[in-house]
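Undergrad: Here's the letter readout for the chains.
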Amino acid sequence: MPPVFKHIPLAALSVSAFTTAAYAERGAQGDLNLIYWQAPTLLNPYLASGPKDSEPASLVLEPLARHDETGKMVPWLAQAIPTLDNGGIAADLQSITWVLKPGIMWSDGSEFTADDVVFTANYCMDAESGCQMTAKFTDVEKVEALDPHTVKISFSKPKPYPYAPFVGLEIPVLQAAQFADCMGPNALNCSAQNLAPIGTGPYQITDFKPGDVVTYDINPHYRDGDKPGFAKVTIKGGGDASGAARAVLETGEFDYAWNLQLDPQVLAQMKSAGKGQVVSSFGTAVERLQVNLTNSAADLGDARSTRDGGAHPFLADPRVTKALSLAIDRSTLIDIAYGDAGRPTCDVLAAPAIYASGANDACLTQDLNAARALLDEAGWTDTDGDGIRDKDGVSMTMLYQTSVNPVRQTTQDLLKAWWAEIGVAAELRAIAPSVFFGGDQSSPDTYQKFYADLEMFTNFFPGNDPEPYLNNWACTAIPTPENGWSGMNVPRYCDPDYDAMLAKLGNTVDIEERIAISKQLNDMLMQAGALIPLVHRGEVSAHANSLEGVRMNVWDSELWNIADWTRAK
Amino acid sequence: MLTYCLRRLAFSVPVLIFISFAIFLLMDMAPNDPTANLPMSIPSETRAQLREALGIGDPLVTRYLLWCKQFFIHEPLNWLSDLTGLSFGDPDRLRVLSWASRAPVVELIADRLPQTLWVVSLSYVIGILIALPVGIYSAYRQHGWFDHLGSFISMIGYSVPSFFLGVVMIVIFAVKLNWFPSVYDTTLTVTGWDSLLAQLRQMVMPVTILALYNAAQISRYMRASMLENLHHDYVRTARAKGASERRVVLAHVARNSLLPVVTVIALGIPQVLAGAIITEQIFKINGIGALLISSIQSGDLPVVQTLTFLFAVLIVLFNLLADIAYGLLDPRISYD
Numbered sequence: 003m004p005p006v007f008k009h010i011p012l013a014a015l016s017v018s019a020f021t022t023a024a025y026a027e028r029g030a031q032g033d034l035n036l037i038y039w040q041a042p043t044l045l046n047p048y049l050a051s052g053p054k055d056s057e058p059a060s061l062v063l064e065p066l067a068r069h070d071e072t073g074k075m076v077p078w079l080a081q082a083i084p085t086l087d088n089g090g091i092a093a094d095l096q097s098i099t100w101v102l103k104p105g106i107m108w109s110d111g112s113e114f115t116a117d118d119v120v121f122t123a124n125y126c127m128d129a130e131s132g133c134q135m136t137a138k139f140t141d142v143e144k145v146e147a148l149d150p151h152t153v154k155i156s157f158s159k160p161k162p163y164p165y166a167p168f169v170g171l172e173i174p175v176l177q178a179a180q181f182a183d184c185m186g187p188n189a190l191n192c193s194a195q196n197l198a199p200i201g202t203g204p205y206q207i208t209d210f211k212p213g214d215v216v217t218y219d220i221n222p223h224y225r226d227g228d229k230p231g232f233a234k235v236t237i238k239g240g241g242d243a244s245g246a247a248r249a250v251l252e253t254g255e256f257d258y259a260w261n262l263q264l265d266p267q268v269l270a271q272m273k274s275a276g277k278g279q280v281v282s283s284f285g286t287a288v289e290r291l292q293v294n295l296t297n298s299a300a301d302l303g304d305a306r307s308t309r310d311g312g313a314h315p316f317l318a319d320p321r322v323t324k325a326l327s328l329a330i331d332r333s334t335l336i337d338i339a340y341g342d343a344g345r346p347t348c349d350v351l352a353a354p355a356i357y358a359s360g361a362n363d364a365c366l367t368q369d370l371n372a373a374r375a376l377l378d379e380a381g382w383t384d385t386d387g388d389g390i391r392d393k394d395g396v397s398m399t400m401l402y403q404t405s406v407n408p409v410r411q412t413t414q415d416l417l418k419a420w421w422a423e424i425g426v427a428a429e430l431r432a433i434a435p436s437v438f439f440g441g442d443q444s445s446p447d448t449y450q451k452f453y454a455d456l457e458m459f460t461n462f463f464p465g466n467d468p469e470p471y472l473n474n475w476a477c478t479a480i481p482t483p484e485n486g487w488s489g490m491n492v493p494r495y496c497d498p499d500y501d502a503m504l505a506k507l508g509n510t511v512d513i514e515e516r517i518a519i520s521k522q523l524n525d526m527l528m529q530a531g532a533l534i535p536l537v538h539r540g541e542v543s544a545h546a547n548s549l550e551g552v553r554m555n556v557w558d559s560e561l562w563n564i565a566d567w568t569r570a571k
Numbered sequence: 003m004l005t006y007c008l009r010r011l012a013f014s015v016p017v018l019i020f021i022s023f024a025i026f027l028l029m030d031m032a033p034n035d036p037t038a039n040l041p042m043s044i045p046s047e048t049r050a051q052l053r054e055a056l057g058i059g060d061p062l063v064t065r066y067l068l069w070c071k072q073f074f075i076h077e078p079l080n081w082l083s084d085l086t087g088l089s090f091g092d093p094d095r096l097r098v099l100s101w102a103s104r105a106p107v108v109e110l111i112a113d114r115l116p117q118t119l120w121v122v123s124l125s126y127v128i129g130i131l132i133a134l135p136v137g138i139y140s141a142y143r144q145h146g147w148f149d150h151l152g153s154f155i156s157m158i159g160y161s162v163p164s165f166f167l168g169v170v171m172i173v174i175f176a177v178k179l180n181w182f183p184s185v186y187d188t189t190l191t192v193t194g195w196d197s198l199l200a201q202l203r204q205m206v207m208p209v210t211i212l213a214l215y216n217a218a219q220i221s222r223y224m225r226a227s228m229l230e231n232l233h234h235d236y237v238r239t240a241r242a243k244g245a246s247e248r249r250v251v252l253a254h255v256a257r258n259s260l261l262p263v264v265t266v267i268a269l270g271i272p273q274v275l276a277g278a279i280i281t282e283q284i285f286k287i288n289g290i291g292a293l294l295i296s297s298i299q300s301g302d303l304p305v306v307q308t309l310t311f312l313f314a315v316l317i318v319l320f321n322l323l324a325d326i327a328y329g330l331l332d333p334r335i336s337y338d
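Heads up: the protein sequence lines correspond to chains A and B, in order. The first sequence begins at 3 in our numbering and counts up one residue at a time. The second sequence begins at 3 in our numbering and counts up one residue at a time.
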């Protein structure tokens, strides 16, 4: 205990306030063990395959600004968030200027400068590098260093939301000196660099066994002399979500377990052992049914599931999709399959809260009679007495596909049972994720080819600007044989009004107006029945009771504030 | 004998080349995409660029020959220069790289090998050490209480799947009793008594499960083989000569009964090295088995190709070794 402690008045409040400060000494907290059951395989977020890699990398590599746990942007390597008011964003919206914090050092002792930022931009924008974050640099014309601590990013057209490059977990700054030889086609072959990047963050990598374990110790040149609290960090991978949850909640071998999408009952039982707690946070992810508005009949050949093949015999009628949506009891579905990790939603743009429309909330309560009435009204009745509605010889039987995943199969079973009650039959299909989400042109089972009537998966958007997400349903984003089945407009929704509204969003700066347009776009999609949102999905993690300072964050890395984590005494 | 071995080795070269091509072809035909696991927010054009950067668009034969060149020429050269400290040819030659981690596949395997060897081979040795005496005694006292008990336990070892037994053991010994850890620590290096104890503690549960399975399998073979031999004429002769029961059973019957069992043991070794996929997964051992499974899931073709090829090599090799052991153990068999 430092001698200064004696002079502190003994009022309980100030003592407790001081204890936190007294323990806030670099490396005084011992070891920290985390378990990421999907093991990290690569620690360069530009080439990584998702959060399982970019989160472990976030202990080392840092962006100019992060999002905190409420989704708000906070300056990280930059001094402040550039805005129109402080002059950081040019009046013509064609450039943004970031001023870097002075005196930041890389863990090898060299100085962090604007050249590193410029290098990183060029590294990713090189088409041959295999960089996965190229979308973050859309419309970026030039990134230049005005002086060693000022970076200017110029865009080829006015950007109402210029915070895509260098904000958030996936686009940190790489050290130019380390990656100098990794430009273009060499990027993928730079094993040593990609497995152990040098960063400015609180930790540096001491050892990394891809697919198994990462160990870190403190970056000796970290900017805050009192942080981080833990001297050593280990991120272990492997096994499955339930094993990871057990290691934190039941055996106490680990301090933190990431991504625990488990049966709610299982998680509750593990929690009752009293060793740890479950934390969740809701971002923009929504599990939804994609409705095929086009005909997926196999006899159409090449025109199958394209707009050329014609409209779907019954799903193109919004009354039918509305009936399907009304037949679903979302609360029961969440109780059974999602637990703390889900909330019912009727909007595909469910978050951030300011963007949630709420105009479609009628679907939150299951109403089988209203659903039956809608189908009757649309002319679908059971004429042949087989329990399934039909019209003009077409029976309401749908092929409903998704990826192999226990939660999704439970959902499929529940939905099928509810639809049976309103006289609609569903044939279920589960496809291996690597095939379903893959882009193999020769496979008929990808989500983009959509040779089915309904399919289910989750989509989300990183950060808090929904514009790129809403662009997913533009006419031009429809997957077709001509564009190699690429594009995210899986329902094949095409409405000129929607496209016009999107164009308007692209030219609108005022945030209130952007919110209003976004809500309107969401409502258009919902009313057309292109998508049936089911569950607003959260991220669930668990941490030991003794671990303090965790601020579960779905908008950025869950480990974003690891430098502040401490052990309760 | 030597000429026989050389001839067999020479024959195995075309076999292995054929196998490697067959594996490559199978992998290529399977619908798989290494970009499938990327987050949805990554657009299709970026995915296409990445696939191109990985070389997936190249013709099948080009990719196969490239793999052959990297695996059969570059990797041995690298190994040789690491071993001797000399440099052979271009030091920047391209190695077989994993698509998921962009690390050389050979290094990934080298990372994973120690834990697989420790856990899986130890369980194999223990399994054999249990199986042989159990098999011999069960057969000698056929239908006795020991035979029944042995049969019962082997049936459990055989039929209860390790994903069930493993979780039961974790719940009892890790959660309730807190004796053993449920997660295997691969960073642990044995430097003294404490770390040795920690290493033994973390190995107890996985080794027990795998040893039970191996013992169950091998003891059944040993018992069956013993039963067959016990009724042969040479056993009666040995007894008539006045040899002790101990000598009859151990020196005569057991030795002869070992012949088929040796084959079973030798042919089982490649599976040992292939890892025990499920057990590795449950205890998070992250050995070769876990590497194979995660690579299949992420569509990481170079790793799957290299691993399956190495298993093929091991199978061919241990088939040869089993044949040689046969010749050594049974004087009636001669390969010349």
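No wet-lab data here; the hints were simulated from the structure. One should not assume that every hint holds.
To be verified - Label-pair ranges, simulated between beta-carbon atoms: (1) A/ASP415 x B/VAL264: 31 to 37 Å; (2) A/ALA194 x B/TRP181: 36 to 42 Å; (3) A/SER444 x B/VAL264: 42 to 48 Å; (4) A/ASP415 x B/GLU47: 44 to 50 Å; (5) A/ASP209 x B/GLN144: 51 to 57 Å; (6) B/PHE165 x A/ASP566: 23 to 29 Å; (7) B/GLY329 x A/GLN271: 57 to 63 Å; (8) A/ALA182 x B/ALA50: 23 to 29 Å; (9) A/GLN279 x B/ILE158: 37 to 43 Å; (10) A/ALA300 x B/ALA24: 47 to 53 Å; (11) A/SER274 x B/ALA24: 25 to 31 Å; (12) B/VAL264 x A/ALA179: 57 to 63 Å.
What the hints assert, rightly or not - From chain B, some residues computed to sit far from chain A (all C-beta separations above 10 Å): (13) MET42; (14) ALA50; (15) LEU52; (16) CYS70; (17) PHE154; (18) ILE158; (19) VAL237; (20) PHE285; (21) ASN288; (22) PHE311; (23) ALA327.
Think of the CB as a built atom: it goes at the ideal place given N, C-alpha and C, for glycine as much as any other residue.
Undergrad: Broken hints, numbered, in rising order?
TA: Violated hints: 1, 4, 6, 10, 11, 13, 14, 15, 20, 21; rest satisfied.
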